[in-house]
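Novice: Protein chains in written order, with our numbering: chain P, 1 to 325; chain L, 1 to 328; chain H, 1 to 423.
Read the hints as simulated data drawn from the structure, not as lab findings. The beta-carbon is built from N, C-alpha and C at its ideal position, and this holds for glycine as well. Wrong hints could be hidden among the right ones.
[Claimed, not checked] Have a look at the derived ranges for each label pair, beta carbon to beta carbon:
#1 121(L) with 187(P): 37 to 47 Å
#2 95(L) with 57(H): 31 to 41 Å
#3 306(L) with 57(H): 30 to 40 Å
#4 278(L) with 53(H): 51 to 61 Å
#5 121(L) with 218(P): 54 to 64 Å
#6 164(P) with 141(L): 29 to 39 Å
[As the list claims (entries may be wrong)] Some, not all, of what chain H presents toward chain L, calculated at C-beta under 10 Å:
#7 160
#8 168
#9 209
#10 317
#11 318
#12 324
#13 331
#14 351
#15 414
#16 415
#17 419
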Amino acid sequence: MTKLRRLALGFALLSGCLGGAAQAGPLWFSDRPPSADWSKHAHHSHGGMVERGRQGVSVKRLWLRDGRVPASAVYPQFGDDAEIAVLGIDGKNLAPELFKVNSGGGITFPMAEEGFYNAYLIERRVEDDVLKTSIVKAEVLKHSCSEGHDPAFTASRMPPRDHAGIALDIIRERRPGEDFHTRMRSGDELVFRVNYNGSPAAGAHVSLTTQQGWSKQVMADADGRAVFGMIRDYYPAWHEFDKRHSEAFLVTAEFRADEPGELHGTPFRQAHYTATLPGTFYPSELEYSSYLVGLLVALVAAALAAGSVFFYRLKHGRPARERLQ
Amino acid sequence: MNRFRAFINGADIRRFRFWVQLGFFFLLVYGGYFMINLGQSLPTFSCGFNQPGRAGVCYLLPLQHQTHIPWDSIISGRGLGILTGLLTFLAWLFVFNKAWCGYACPLGTIQDWMTSLRQKLGIRYATYNLDWFTRLKKIKYILLILLIVIPFLMANSVAGLPKLPDDMGTPFCKICPARMVIPAMTGDFSQWTVDFSTGTAAAMTGLGMLVLGIFFVGGFINKRFFCFFCPMSALHSLFSKVALLKLRKDGSKCTRCGDCYRACDMQIREIADDVESTTLVKDDCMMCFKCVAACPEEGALKASFMNIPIYESTEAGFFKRMTKRGKK
Amino acid sequence: MSAEAQVKQIEMVRRQLSRESAEALNKIEKDFPDNPKSMDYFYDLYRRVHCEGEAPHGDKKVIGTTCVQVPEELIYAVGAVPVRLCNGSHTFDQLGAEFMPAKSCSLVKATLGMLSSEVASWLDQGGDIVNVTTCDQKTKAGRLMEEAGYRVHHLELPPSKESEAARTYWQSNVNGFARSLESVTGHKITRNGLRDAIVRVGRAQQAYRRLHRLRMSPLAPILGKDVFLVTNAYFFDDIDSWTDAVEVLNDEIERRCEEGFGAAQRRAPRILFTGSPPIFPNLKLPTLIEQSGAVIVADETCSANRMLYDVVNVDEWQLYDMVDALADRALKPCTCPIFVSDEDRKRRLLELARTFAVDGVVYQAFSGCQVFEMEQRSISRFLADEGIPSLYVETDYSPDDLGQLSTRIEAFIESLKARRRRK
């Protein structure tokens, strides 16, 4: 079974690489820096890598990536004609800063408040009478435990937001009981909703690709929903296992609409939208925690403790045994 | 007023405590379902792992997160976070002092229930002899120091030694039986596992399950078994002198009959033998005030709040309780 | 000695004894006006038991005790009745002189005298006695009781009560005593039996404490000689009738307090009595004090306060806790001078002196009672430092020193009165 899966994985990888080489994959955002140098600036936080900005405000740096498979996606240079927006907690645009360096490019923006930020980059061009629109989205969480865990506050910041102005929007549905600490794990069922101009994009092709290139495509249902079961995609030797090992996944939605129009004077007959949303997932807790051993340890400890109390009373209990019971 | 006083002083503290403890148990273990949130600095074992049932978080959890701090960040917002957490904790403690242990702590309440069960079964309780008592009581201070120092050594390399591994995080929670017991009260047994992801994690969680096993036996046979080792109790005792709620003793009225000492679940000898001190909140004291109820001398022991006596030992109260309990 | 002569001698002792008791009782009852009505129960009791020789408990199984440290609840729990054998009669004192060195305590001698004569009606020949190893004389007296043909359980008391080791040692001895009680009587100590016994004794103590508290009244409502008689009756009376009688007395005294009736003059110096226990018929010193115009308002003796004041508290009403609690009650608060430290006794005296607005302390020591004699210096110095005048009286059961004693007592009381006037 495992062998089969590995084989499938190999094919997926191969096809991913080939796909990447043959044709530029979708653009997406990632907070993983391209080099160790850049890694030094950032540190781990709930919601991913953050940098420390002025007055201690957390700053998020999102790199633009190109390629369907997260493991091999490149860090392309930034096109000049893209529209960029980062919508903060209150839905207002935070005016992100663009950056371009040798190793890639992307945006940075400060995250003052706790909660989810939605970053968008939208590129449009007309090719062969078709309007091709890439909607690159990232949903970024800002949370620091030092700011407390008021459940009412957390609950108020949890729900995902729809942005009606976005032509094709992928929205990750929250998991039951999700809070700022919840991690997505292998074995979880992830639900995404795809909206086309604010209403469900039924029939959109939605695919999910894991870090190593495993991929699955589904059609959004009448409510625009696409459901994926997260696979296990991490097979280290047992002593190398790291429960904090995170891998990226990428959700892509494609939607075609027969809408003639024109862009900067170039007419088109059809519109083709591609939206991306990255995510991170971790190994399942069941892979490394054992109820059986836990209960065994507790039972043995309890038995030993009870036994020693019993024998202590039996042995040292001469005066105690004289005691009336 | 005098009749009201007499009624209060004649009250059966056990029943009062039972209901107050039950109330706090429901509040702290299930309050989260009713959107109750008392903050992150509670001076009692309102276990943070009990989600979403918790109505607030035991201060030791954020404390262990906060002390995971690099040297250079101490003078910054994060350092300030440690300070505000501590101040909130102290504010809670300032009012109710160690009564948090005797009346609010869910783990303490569970142990009291275990004690009642043992009592019903007629199994004799265990006590420590004085030698072991003085030796073992230091453990809670050691645990308190470790739970502050270990996270700090995870963030800082001291004397060129490598930093401690991340899996040492919240080291006390790892071995605290409340992490397993309290969430289990809401049906969440996810903490009852050994985490094999790394050697450190396996050691810490294995130790935790070991402590859990000992907790069940110890708590059954020994009154308030765990409280004797509880670093929260140690942290309380550092500040309990200034708190508003006090246990006062008038040594001149004391005949050293030892009735209070017999009633004390924490085996505090001084409550009977110390006739010099006027306030007697020892580090193990949980302010259950059973000693006050056990004292037959007028006003020898009293619980006072801001120097106003709220519960006082009286002869009439003593005999009222004795005849009531002796009848059953 | 021929059998006939022996019978004659017993008869003589009996007559002497009843004469001694009757004299003492008359003095206590008739020499004072305005005795509380409810004291009649006690006067009558003494008349029956001491003067007429009635056995106090009929044919119930009686177990003799010799000290306050014996947890009598255990005896009740095996269905027997405890009777305190400590004796106060000069007649028996003389009989007992045969067994003890010349300079020994009258109380121990009298107790031995009673047990060795065949007059003893409280306990059958060969009956069971619990003897606590308190002072040397009592310890050895236990052995002598064995020789006199009694079955004696030697209950070992540690010589100090401060250490935890002493406490556990005593607890295990008391547990051993409980076991041997079970084998002696063939009755098992049950949880319910012991709990009822504790509540029963607790009720008696509650009654005593109420009496004790009533005496705090600024105008003494009852004389000390009567209270000594009451507490003394606890030695041998049926506990429930004793308690009821004390409660009746309490009600009467409470009425007296409300009516502003004083048993002594308003200006009578208030005396705290401490030291060797006054036991009927030897109420020589208390009677003398009150005849001289003072009033005993409180005491610190093992025939009264020390015996009845401290109450047991049980945390878990199971045998394992009840027996240990009884052991603790007997040991920890005890102010007996046989223990190394006298701190508790000092504190108790000071607290009693303060709460009862005492003018002076009378310290009685039976000549030969070494421990009370030895503690006298430190106690007297302590009281002087606290500004409380005290009188140390060394005496015994013989009436010979009455004249000399009354001079000293009167002088002391005059000085107290003068001191009061100066204030």
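Novice: Would you mind marking each hint as holding or not holding in the structure?
Specialist: Now for the hints, and whether the structure bears them out:
no.	hint	result
1	121(L) with 187(P): 37 to 47 Å	holds, 44 Å
2	95(L) with 57(H): 31 to 41 Å	violated, 58 Å
3	306(L) with 57(H): 30 to 40 Å	violated, 55 Å
4	278(L) with 53(H): 51 to 61 Å	holds, 55 Å
5	121(L) with 218(P): 54 to 64 Å	holds, 59 Å
6	164(P) with 141(L): 29 to 39 Å	violated, 60 Å
7	160	violated, 13 Å
8	168	holds, 8 Å
9	209	holds, 6 Å
10	317	holds, 7 Å
11	318	holds, 5 Å
12	324	holds, 8 Å
13	331	holds, 8 Å
14	351	holds, 5 Å
15	414	violated, 31 Å
16	415	violated, 27 Å
17	419	violated, 23 Å
Violated hints for the displayed structure, listed by number in ascending order: 2, 3, 6, 7, 15, 16, 17.
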